[in-house]
Amino acid sequence: MLERVAVGARVRRPQELRRQPAARRKLRSRAGEQVAAWAFLTPGVAVILLFGVAPIVWSAILSLQRSNLSSSSPFVGLANYRQMLHDPVVAQAIEHTVVYTALFVPGTMLVGLFLAVAMNRKIRFINVYRTAAYATMAISTISEALVFIWLFDPSYGIVNYLFNRVGIPQQQFLNSPSEALYVIVIMTIWGWTGFAVVVYLAALQGVPAVLTEAAAIDGAGRWATFRRVTLPLLSPASLFLLVWLTINALQLFDEVYLSTAGGPLNSTTVLVYYLYQQSFGGGFNFGYASAIAYFLFVIILIFTAIQFRVGRRYVHYRS
Amino acid sequence: MRHPWLSVALAAVVAAFGLAACGSGNAGTSSGLQIWEGYTGAEANAFKHLVSEWNKAHPTEKFTSLYVNNDDSLPKLLTAVKGGSQPDVAYVYGSWAPNVAQIPQVVNLTKVVQRPGVNWDDFWVGERDVATVNGKVIGIPALVDNLAVVYNKTLFAQAGLQPPSANWTWNQFMADAKALTNPAKKQFGTAYVTPGTEDTVWHWEALLWEAGGEILNSTNTKAAFDSPAGLKSLQTLQTMAVTDKSMYLDPTDSEYANLFNSGRIGMLVTGPWDLSGFPNVKYGVQIMPSFPGTDGGHQTISGPDNWVIFNNGSARVAAAEKFLLWLTATPQATYFSLHTGDLPIRRSVEDSPGFLQQMDKALPGVDTFVSNLNNVKQARPQLPTYPKISTILGTMIVSVLLGKTTPQAALASAAQQVNAAIAAGSSG
Numbered sequence: 001m002l003e004r005v006a007v008g009a010r011v012r013r014p015q016e017l018r019r020q021p022a023a024r025r026k027l028r029s030r031a032g033e034q035v036a037a038w039a040f041l042t043p044g045v046a047v048i049l050l051f052g053v054a055p056i057v058w059s060a061i062l063s064l065q066r067s068n069l070s071s072s073s074p075f076v077g078l079a080n081y082r083q084m085l086h087d088p089v090v091a092q093a094i095e096h097t098v099v100y101t102a103l104f105v106p107g108t109m110l111v112g113l114f115l116a117v118a119m120n121r122k123i124r125f126i127n128v129y130r131t132a133a134y135a136t137m138a139i140s141t142i143s144e145a146l147v148f149i150w151l152f153d154p155s156y157g158i159v160n161y162l163f164n165r166v167g168i169p170q171q172q173f174l175n176s177p178s179e180a181l182y183v184i185v186i187m188t189i190w191g192w193t194g195f196a197v198v199v200y201l202a203a204l205q206g207v208p209a210v211l212t213e214a215a216a217i218d219g220a221g222r223w224a225t226f227r228r229v230t231l232p233l234l235s236p237a238s239l240f241l242l243v244w245l246t247i248n249a250l251q252l253f254d255e256v257y258l259s260t261a262g263g264p265l266n267s268t269t270v271l272v273y274y275l276y277q278q279s280f281g282g283g284f285n286f287g288y289a290s291a292i293a294y295f296l297f298v299i300i301l302i303f304t305a306i307q308f309r310v311g312r313r314y315v316h317y318r319s
Numbered sequence: 001m002r003h004p005w006l007s008v009a010l011a012a013v014v015a016a017f018g019l020a021a022c023g024s025g026n027a028g029t030s031s032g033l034q035i036w037e038g039y040t041g042a043e044a045n046a047f048k049h050l051v052s053e054w055n056k057a058h059p060t061e062k063f064t065s066l067y068v069n070n071d072d073s074l075p076k077l078l079t080a081v082k083g084g085s086q087p088d089v090a091y092v093y094g095s096w097a098p099n100v101a102q103i104p105q106v107v108n109l110t111k112v113v114q115r116p117g118v119n120w121d122d123f124w125v126g127e128r129d130v131a132t133v134n135g136k137v138i139g140i141p142a143l144v145d146n147l148a149v150v151y152n153k154t155l156f157a158q159a160g161l162q163p164p165s166a167n168w169t170w171n172q173f174m175a176d177a178k179a180l181t182n183p184a185k186k187q188f189g190t191a192y193v194t195p196g197t198e199d200t201v202w203h204w205e206a207l208l209w210e211a212g213g214e215i216l217n218s219t220n221t222k223a224a225f226d227s228p229a230g231l232k233s234l235q236t237l238q239t240m241a242v243t244d245k246s247m248y249l250d251p252t253d254s255e256y257a258n259l260f261n262s263g264r265i266g267m268l269v270t271g272p273w274d275l276s277g278f279p280n281v282k283y284g285v286q287i288m289p290s291f292p293g294t295d296g297g298h299q300t301i302s303g304p305d306n307w308v309i310f311n312n313g314s315a316r317v318a319a320a321e322k323f324l325l326w327l328t329a330t331p332q333a334t335y336f337s338l339h340t341g342d343l344p345i346r347r348s349v350e351d352s353p354g355f356l357q358q359m360d361k362a363l364p365g366v367d368t369f370v371s372n373l374n375n376v377k378q379a380r381p382q383l384p385t386y387p388k389i390s391t392i393l394g395t396m397i398v399s400v401l402l403g404k405t406t407p408q409a410a411l412a413s414a415a416q417q418v419n420a421a422i423a424a425g426s427s428g
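In order, the protein sequences belong to chains A and B.
For what it's worth, this note's numbering labels the leading residue of the first sequence as 1, then goes sequentially.
For what it's worth, this note's numbering labels the leading residue of the second sequence as 1, then goes sequentially.
It is possible that some hints are incorrect.
[Said to hold, decoys possible] Cβ-to-Cβ under 7 Å is the rule here; a few derived chain B residues that face chain A: (1) Lys82; (2) Asn99; (3) Gln102; (4) Ile103; (5) Lys186; (6) Pro195; (7) Leu249; (8) Pro251; (9) Thr252; (10) Pro387; (11) Ser399.
[Claimed, not checked] Some residues of chain A that are not near chain B, with every Cβ distance over 10 Å (derived): (12) Gly52; (13) Val53; (14) Val57; (15) Met84; (16) Leu103; (17) Ala118; (18) Phe125; (19) Arg130; (20) Ala202; (21) Leu211; (22) Phe226; (23) Val229; (24) Pro236; (25) Val272; (26) Leu296.
Keep in mind that the hints were calculated from the coordinates and are not lab data.
Ideal placement from N, C-alpha and C gives every residue a C-beta, glycine not left out.
Just need the whole structure built from these sequences, with the hints factored in.
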């Protein structure tokens with residue numbers, strides 16, 4: 001119904017306009033288009049300004065204040081940023097965030113690529129496997145965290161049970177300051193694998209059989225074909241995953257909040273979790289938390305810029 | 001009109017901003033007053049009943065209630081106050097009282113609680129302490145609880161142990177925990193929550209007080225826990241966690257209850273809120289053990305929460321005060337306890353005839369928690385820097401429990417950090 005009205009409107013319009021001189025007609029219609037465009041955009045822009053830009057600007061101002069949101073908030077210049085330089089927990093949080101990102105991003109991409117290649121063929125029940133792989137994305141973080149807490153429980157978990165069967169001594173996992181972060185890496189790789197699989201599967205479907213067949217005829221083995229033909233053709237997908245997963249890794253929060261609360265002994269405190277602790281998590285130090293947020297923003301900006309610049313050299317786009 | 005959709009879109013935007021602006025115009029009580037609370041289940045039903053009872057009797061001062069998760073209430077209140085749209089009444093955790101006291105819109109209730117008929121001293125001392133910040137009453141008690149020992153009767157019998165008596169000691173607790181531990185059956189004597197949050201900290205604070213120690217000095221200007229009492233309390237925990245390995249360490253703050261309910265843990269130091277989660281085991285409840293030779297005796301720690309009033313004009317403040325005094329008066333408090341199993345917020349509720357029997361029938365063991373309210377002798381320091389102090393103490397306790405440091409070293413380092421935090425807090 002709606003469509004028909006729209007089509008009718010489009011048909012009527014040129015006849016209407018024909019009565020006017022050509023130049024004025026053009027001007028009038030362009031101005032009309034402008035107004036129409038803005039009218040359509042206004043609600044969306046208003047919402048983005050209100051809920052997107054306003055908080056971003058406000059937190060920039062907050063980062064220059066000492067604020068607990070309730071009493072007056074004096075401007076303190078760059079004191080919050082200077083405090084970060086001397087805060088040992090910030091240094092730890094940066095280290096944990098970097099270690100986490102360095103393990104999580106390649107880990108997820110490798111597991112995702114492996115599963116996608118394994119599933120990119122016509123075998124029986126393939127849809128079941130594909131659904132199972134993607135199900136990790138559909139499961140809520142809370143259930144994911146609960147399951148992993150039990151899997152890695154030092155006394156009752158199945159992982160220690162299996163370790164025991166093959167003669168590895170009992171591990172403390174989430175109770176151990178030296179192991180907890182790695183448990184979270186495994187937990188999040190599991191959670192994000194489905195996403196990587198879907199992206200790589202879609203990209204693999206786009207690799208033309210002509211090219212791989214041609215490579216085979218030229219005498220390339222399966223590994224050489226994968227390495228020299230398939231992988232370069234997957235590079236746009238790889239760059240997308242690299243950027244997307246890195247941004248998400250640098251903002252890790254949910255899994256830490258649910259499983260370790262940054263502990264034991266700050267060993268899983270990452271930047272966003274520390275930011276939360278400093279603000280709504282009990283610190284009520286909103287100026288300082290905003291400064292940490294802006295610091296993280298700059299890091300993400302730099303990382304992404306580097307990735308795109310380096311990516312330009314290695315990513316192969318097919319025209 | 002050439003472009004009717006243009007006016008529609010603009011009108012929608014204008015209307016949206018207009019509606020937002022309307023929220024701040026509230027002078028009288030005719031538009032209804034608002035409560036923010038986080039009740040669910042039985043508590044929500046009982047509270048709804050009481051509010052509707054009030055609304056029937058006071059048609060010009062009607063209250064409506066909005067569910068706000070208690071864990072988020074302070075951040076939400078701070079943002080609401082910033083935008084001028086604060087509720088009239090809100091339920092706020094007691095540990096946030098010092099932060100709440102800093103909000104200019106929070107109503108000072110010091111004179112209100114002295115009105116005739118309120119009987120302020122009828123509230124437990126732990127509650128009154130937490131409702132008072134720097135001599136100013138900022139809230140009316142909404143909930144009270146405390147820590148006691150919940151033990152598995154079957155496991156005690158299997159180990160050939162006598163159930164704990166009311167005059168037991170921490171040495172007996174440690175010996176029982178050791179006897180109840182059985183690595184082959186993956187059975188632990190006791191458990192401790194180790195996320196390093198306030199939940200980790202307040203369990204230890206009870207031990208510190210029982211050993212005769214204090215968290216801060218009497219003027220709240222310096223750490224006082226780096227003392228023989230502090231050492232004794234941490235050594236007790238260390239013996240069980242590190243030497244005897246009789247203590248299950250739970251970094252998630254949630255598993256210990258399931259494990260106790262499946263008969264894997266012999267004793268828990270916990271509060272009345274956990275009792276309903278133990279339907280599968282035969283449990284008993286006993287007050288906390290003591291450290292003989294100290295003047296601490298049997299103590300416990302209480303985590304009371306408060307009702308707080310926000311200023312939205314004098315008529316609304318007056319109505320909110322009247323409502324809260326009614327809600328927390330003995331008849332309403334009795335109704336609420338009996339229908340929820342929550343501990344009575346007033347001593348007179350406990351004293352009313354048949355009350356304890358009725359409570360215990362609904363939730364076995366809760367009577368011990370009720371009488372344990374008499375062992376609440378002190379409260380945590382009421383300082384805006386307390387959250388920071390809590391974080392330092394949490395790290396101290398966890399590092400000892402994980403065997404990473406000695407109690408002596410942990411106490412000394414934590415005391416130094418707490419002193420620095422207090423100094424930084426008071427200078428700002």
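| Tell me, which hint numbers fail for this structure? | none
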